[in-house]
Structure formats: structure tokens, C-alpha cells
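With these hints in hand, go ahead and build the complete structure from the sequences.
Under our numbering, the letters of the sequence shown match residues 2 to 59, in that order.
For the record, the hints were derived by calculation from the structure and aren't laboratory data.
Glycine included, C-beta positions come from ideal geometry on N, C-alpha and C.
Check the hints yourself; a few may be wrong.
[Claimed, not checked] Pair ranges (Cβ atoms, derived):
{"#": "1", "residue 1": "Thr53", "residue 2": "Leu22", "range": "28 to 36 Å"}
{"#": "2", "residue 1": "Leu57", "residue 2": "Thr24", "range": "39 to 47 Å"}
{"#": "3", "residue 1": "Gly43", "residue 2": "Ile21", "range": "26 to 34 Å"}
{"#": "4", "residue 1": "Ala56", "residue 2": "Leu14", "range": "36 to 44 Å"}
{"#": "5", "residue 1": "Leu28", "residue 2": "Leu8", "range": "19 to 27 Å"}
{"#": "6", "residue 1": "Asp31", "residue 2": "Glu58", "range": "24 to 32 Å"}
{"#": "7", "residue 1": "Ala56", "residue 2": "Asp29", "range": "20 to 28 Å"}
{"#": "8", "residue 1": "Asp31", "residue 2": "Lys55", "range": "31 to 39 Å"}
{"#": "9", "residue 1": "Tyr25", "residue 2": "Glu58", "range": "39 to 47 Å"}
{"#": "10", "residue 1": "Leu8", "residue 2": "Leu57", "range": "13 to 21 Å"}
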Amino acid sequence: MINIAFLLIGIGLGVLIANILDTYTGLDEDAVYPSIIFIIAGLGLYVEYTQTKKALED
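Shown next as C-alpha cells:
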């Protein structure tokens with residue numbers, strides 16, 4: 002269940018960061034949103050993996 006939480010947090014942060022980049026830079030909206038969402042969601046999954054691994058070791 003924690004993996005879904007980290008994934009959704011990553012997607013939410015990705016949308017927020019993509020919106021900020023779209024507003025304050027001249028980057029293409031069609032490229033910014035999917036790329037940032039996937040990058041941050043992937044980071045969220047990586048954090049979830051490391052936290053789960055750490056919890057299982059303890």
C-alpha cells in the first residue's frame with residue numbers, strides 16, 4: 002500500500018513542478034508535463050523501494 006502512496010505523491014509533485022516550469026519558462030507544455038510527471042513518479046517509486054528495503058533489514 003505504501004508503494005501506491007509514494008507513486009501518487011510523485012505524480013502530484015510532478016504535476017506541480019510541471020505547472021511551475023510551464024508558467025515561468027518558455028518550455029513546450031506538451032513536453033514538460035509528461036516528462037516531469039514520469040521523472041518524479043519514478044523518483045517516488047525509487048524512494049518507496051529504498052524505504053521498504055530499509056524497513057525489511059531492520
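Checked against the structure, which of the hints given earlier come out wrong?
When the structure is compared with the hints, numbers 3, 4, 6 and 7 turn out to be violated.
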